[in-house]
Amino acid sequence: MNQTASSRQESDRLASKGWLKSLLARPEIGPIGVMLLLFGMLGYFSIPAGEFSLNPFAGEGFNALGIRNNLRVIAQLGIIALGAGLLIIAGEFDLSIGSMIGFAGACMAMVLRWGFAIVIPYVSFEGGVHIEFFTLIYIENVSPIGAIMITMCFTLFFGWLQGYIVVRSGLPSFIVTLGGLFFLRGLTEVSLRAFNHRPDQTKGATTVTELPDMKNIINVPGHGEIEREAAKALPEADLQAILQTVPADTVASITERLAYTYQRVADAKTEIMAAKGVKPLERALENAIESGNETMVATIREKIANFTVTPVTPRTVTDLDVVRTYIDSIPSAQPVANFFGGDILEPIFDFLYFPVDWNTNNFGNQFAPGLYSCVMIWLILALLCYVVLSRTQAGNWIYSTGGNLQAAKANGVPTDRVKISLFVFSAFCATIFATCQVFEVNTADAAKGNLKELEAIAAAVIGGIVMTGGFGTVMGIIVGAFIFGIAKEAFFYIPGIDGSFYRVFLGLVIIASALLNENIRKRIMGTL
Amino acid sequence: MADNTAKPLIETTGLVKKFGSFTALNGVDLKVYPGEVHALLGDNGAGKSTLIKILSGVFKPTAGEIRVEGKPVSFTSPRDATEAGIGTVYQDLALNALTSVTRNFFLGREITHFPGPFGVMKMREMDEIATREMAKIGINVADPNQAVGTMSGGQRQTLAIARAIYFGAKVLILDEPTSALGQKQQMEVLKTIRKVQKLGDIAIILITHNEIHARLIADRFTFLSLGEVIGQGASKDLEGDDIKRLMAGGAEIGDLAKELAV
Ligand SMILES: Nc1ncnc2c1ncn2[C@@H]1O[C@H](COP(=O)(O)OP(=O)(O)OP(=O)(O)O)[C@@H](O)[C@H]1O
Ligand SMILES: [Mg+2]
Numbered sequence: 002m003n004q005t006a007s008s009r010q011e012s013d014r015l016a017s018k019g020w021l022k023s024l025l026a027r028p029e030i031g032p033i034g035v036m037l038l039l040f041g042m043l044g045y046f047s048i049p050a051g052e053f054s055l056n057p058f059a060g061e062g063f064n065a066l067g068i069r070n071n072l073r074v075i076a077q078l079g080i081i082a083l084g085a086g087l088l089i090i091a092g093e094f095d096l097s098i099g100s101m102i103g104f105a106g107a108c109m110a111m112v113l114r115w116g117f118a119i120v121i122p123y124v125s126f127e128g129g130v131h132i133e134f135f136t137l138i139y140i141e142n143v144s145p146i147g148a149i150m151i152t153m154c155f156t157l158f159f160g161w162l163q164g165y166i167v168v169r170s171g172l173p174s175f176i177v178t179l180g181g182l183f184f185l186r187g188l189t190e191v192s193l194r195a196f197n198h199r200p201d202q203t204k205g206a207t208t209v210t211e212l213p214d215m216k217n218i219i220n221v222p223g224h225g226e227i228e229r230e231a232a233k234a235l236p237e238a239d240l241q242a243i244l245q246t247v248p249a250d251t252v253a254s255i256t257e258r259l260a261y262t263y264q265r266v267a268d269a270k271t272e273i274m275a276a277k278g279v280k281p282l283e284r285a286l287e288n289a290i291e292s293g294n295e296t297m298v299a300t301i302r303e304k305i306a307n308f309t310v311t312p313v314t315p316r317t318v319t320d321l322d323v324v325r326t327y328i329d330s331i332p333s334a335q336p337v338a339n340f341f342g343g344d345i346l347e348p349i350f351d352f353l354y355f356p357v358d359w360n361t362n363n364f365g366n367q368f369a370p371g372l373y374s375c376v377m378i379w380l381i382l383a384l385l386c387y388v389v390l391s392r393t394q395a396g397n398w399i400y401s402t403g404g405n406l407q408a409a410k411a412n413g414v415p416t417d418r419v420k421i422s423l424f425v426f427s428a429f430c431a432t433i434f435a436t437c438q439v440f441e442v443n444t445a446d447a448a449k450g451n452l453k454e455l456e457a458i459a460a461a462v463i464g465g466i467v468m469t470g471g472f473g474t475v476m477g478i479i480v481g482a483f484i485f486g487i488a489k490e491a492f493f494y495i496p497g498i499d500g501s502f503y504r505v506f507l508g509l510v511i512i513a514s515a516l517l518n519e520n521i522r523k524r525i526m527g528t529l
Numbered sequence: 027m028a029d030n031t032a033k034p035l036i037e038t039t040g041l042v043k044k045f046g047s048f049t050a051l052n053g054v055d056l057k058v059y060p061g062e063v064h065a066l067l068g069d070n071g072a073g074k075s076t077l078i079k080i081l082s083g084v085f086k087p088t089a090g091e092i093r094v095e096g097k098p099v100s101f102t103s104p105r106d107a108t109e110a111g112i113g114t115v116y117q118d119l120a121l122n123a124l125t126s127v128t129r130n131f132f133l134g135r136e137i138t139h140f141p142g143p144f145g146v147m148k149m150r151e152m153d154e155i156a157t158r159e160m161a162k163i164g165i166n167v168a169d170p171n172q173a174v175g176t177m178s179g180g181q182r183q184t185l186a187i188a189r190a191i192y193f194g195a196k197v198l199i200l201d202e203p204t205s206a207l208g209q210k211q212q213m214e215v216l217k218t219i220r221k222v223q224k225l226g227d228i229a230i231i232l233i234t235h236n237e238i239h240a241r242l243i244a245d246r247f248t249f250l251s252l253g254e255v256i257g258q259g260a261s262k263d264l265e266g267d268d269i270k271r272l273m274a275g276g277a278e279i280g281d282l283a284k285e286l287a288v
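Same order as they appear, the protein sequences are chains A and B.
Counting from 2, one number per residue, gives the positions in the first sequence under my numbering.
Counting from 27, one number per residue, gives the positions in the second sequence under my numbering.
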């Protein structure tokens, strides 16, 4: 107990800090609190009117479709927030992320739609001075992976160039990437207009439409690679022929499942009819009670008690139903397109419908087919970022580059390379975002990704990244994306409130987070 | 201790450094011996930091020669100097206050499971080494995961010194290691320097404006003024007044006293 000054050790001083204080010094603690609050709000406010539950998961925000849609928004933001966040930790900004998304999406869609060519312009003097074009290479049909690679060449180069300019010139990255923001957006619009002048296009449009639904191209026996919807619309005889190729036990399990679906749909219809039929009686009962007519009340009560509707008979499962369902289950023939734009966890969501009966909508059908693939891509990227930032040498270099640039340099850290790599990584994340979007919706639009750079930075700040660099975690960036992505939904369900209040809320959260981050940073720096 | 028959660990001859038309160093000769604390003294702007920046590979000399253990060297980066065994502890210590002791100790030289920047760090091994090396020269870190920002100035100084020694410094350069510290922590740093000196084969170049500190631990002195050496010698050969006079750039203390009295 009574230690003299000389026998006291440094370790004794630190031990008195206490677990609570060290927990509060964790950078993620505040954001996790806000995230839990928003989850609670989303759950409770989305419980359907008239129902009561203490369980937030009973709310519509947490039904299968709600989870599917919310996680998509969160994952998309999460992907670019990783790029933005790591770059901020290294002490730089990227304002060009949004424009990079637009550019990448447009580039990819154009290559998929019209192919890829390298054209060299030159001045010709024959028949008056004018510019001629010499086509060096022209590839008409580019595969999804090809289109992604070509796009990556452009976007990663832009990322590298921005980084190179920043480290070489010493200009603030804010300015350099602000230039990138305008440059890329403009370039995207100009190129889309330039390509949309063909006779079969709307002149001046800044979109690419009518891309084939790549992820839903499947191999159907006897028909080769065709789109799923086209396969389902084949003539009856063709469908019958396809059915012959399906193994018997597959047919049996599909039939069982369809019978279940039709039964659930019929049950749902019966329920809806019953509810509709009983409603006038209930209203009459209320009136009767009000007017005090005892006999009337009794008769209506009896009527309600005896009220029945004849149950709807379910559809019978036909061969055509079976074969169309079978076509739905054929895996994509374009694994790359499906990887970025398709769904994941489909077997689990199927299981949650049949036999679990949770993933079921009000009409008895399956609610959500699965989660968007971008959720998986986000988590893979996040895991990689976590390992790199927290466990590897590169991570220590990133922290020190942002935390004390001179110190990092003096210790031989290649800070320029660290920064340039992270600018490239930011461009990579924007391209991944765009790739998911293009293969999900099969269109591209020059306006895509607008303001995303600010959302990404906001998510990173909310997640505990300090704007001056050197501080923050991947876990924080993930939580930040959750908060930003979920806020809109949570506010949407609050009864009688303007949906735009979520922006007011986010604004406050951003400032509060920044204050909190600064406070934690100062506490670690020992200046508080 | 220092005997002149020993070979100097580091030796400069006729070192010149020009920044444009400004001559920061004008022909500096310096000999530093193993196991010796060599105090580099002089007024503000005398060129002390410039000299050690050349020795640590930050600047390239305009003219002159540097020999490490007798071999002429030419550094193009701080890394070259570190590899040649010259470890520098800068005035700002080159620490990242926001990360842990271990991460700072191994900054730029992390021990990883496989080579390349994406090599996963051997955190436990690094923690152990950092703790052990700092204990060797006098500081027990409570927790190697402690953020450097929460450490005292003296502790930070020790961390920077331990780091330089661990990574093979034969010559340790300390640029005003006590300037930003309180009395007690200044003594801590001096003790640390003593402990390093006792390790035997390490030479220490110490820059300081504090005459008392210099007198306490230096074995040899070099006085710089306006980019030139105005005095050099072993501590036993120097009178107290010599040190005062030479530190102020060669002016007579008596003259100074007169000027101040006016
Ligand atoms: N990079 C540079 N460019 C131009 N001049 C420089 C540069 N670095 C130092 N100088 C000049 O060289 C001279 C010597 O500077 P130096 O930093 O070596 O002094 P010092 O002896 O370390 O002084 P102090 O005791 O104040 O630290 C000063 O006049 C300074 O202005
Ligand atoms: Mg100096």
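One or more of the hints may lead you astray.
[To be verified] 25 Å max Cα-Cα, derived DSS-like pairs, lysine-lysine: (1) B/196 - A/410; (2) B/221 - B/33; (3) A/410 - B/148; (4) B/196 - B/221; (5) A/410 - B/86; (6) A/410 - B/44; (7) A/304 - A/270.
Source of the hints: derived by calculation from the structure; they are not laboratory data.
Tested hints:
1. The suggested pairing of residue 196 of chain B with residue 410 of chain A holds, with an alpha-carbon distance near 21 Å, which does not exceed 25 Å.
2. A C-alpha spacing of about 22 Å is found between residue 221 of chain B and residue 33 of chain B, which places the hinted pair at or below 25 Å, so the restraint holds.
3. Among the hinted pairs, residue 410 of chain A with residue 148 of chain B is consistent with the structure: their alpha-carbon atoms are about 22 Å apart, no more than 25 Å.
4. As the CA atoms of residue 196 of chain B and residue 221 of chain B are separated by approximately 14 Å, the hinted pair is consistent with the 25 Å bound.
5. The hinted pair formed by residue 410 of chain A and residue 86 of chain B meets the criterion: a straight-line CA distance of about 17 Å does not exceed 25 Å.
6. With a C-alpha separation of about 23 Å, the suggested pair residue 410 of chain A and residue 44 of chain B falls inside the 25 Å cut-off, and the hint holds.
7. A hinted pair counts as satisfied when its Cα atoms are at most 25 Å apart, and residue 304 of chain A with residue 270 of chain A qualifies at roughly 21 Å.
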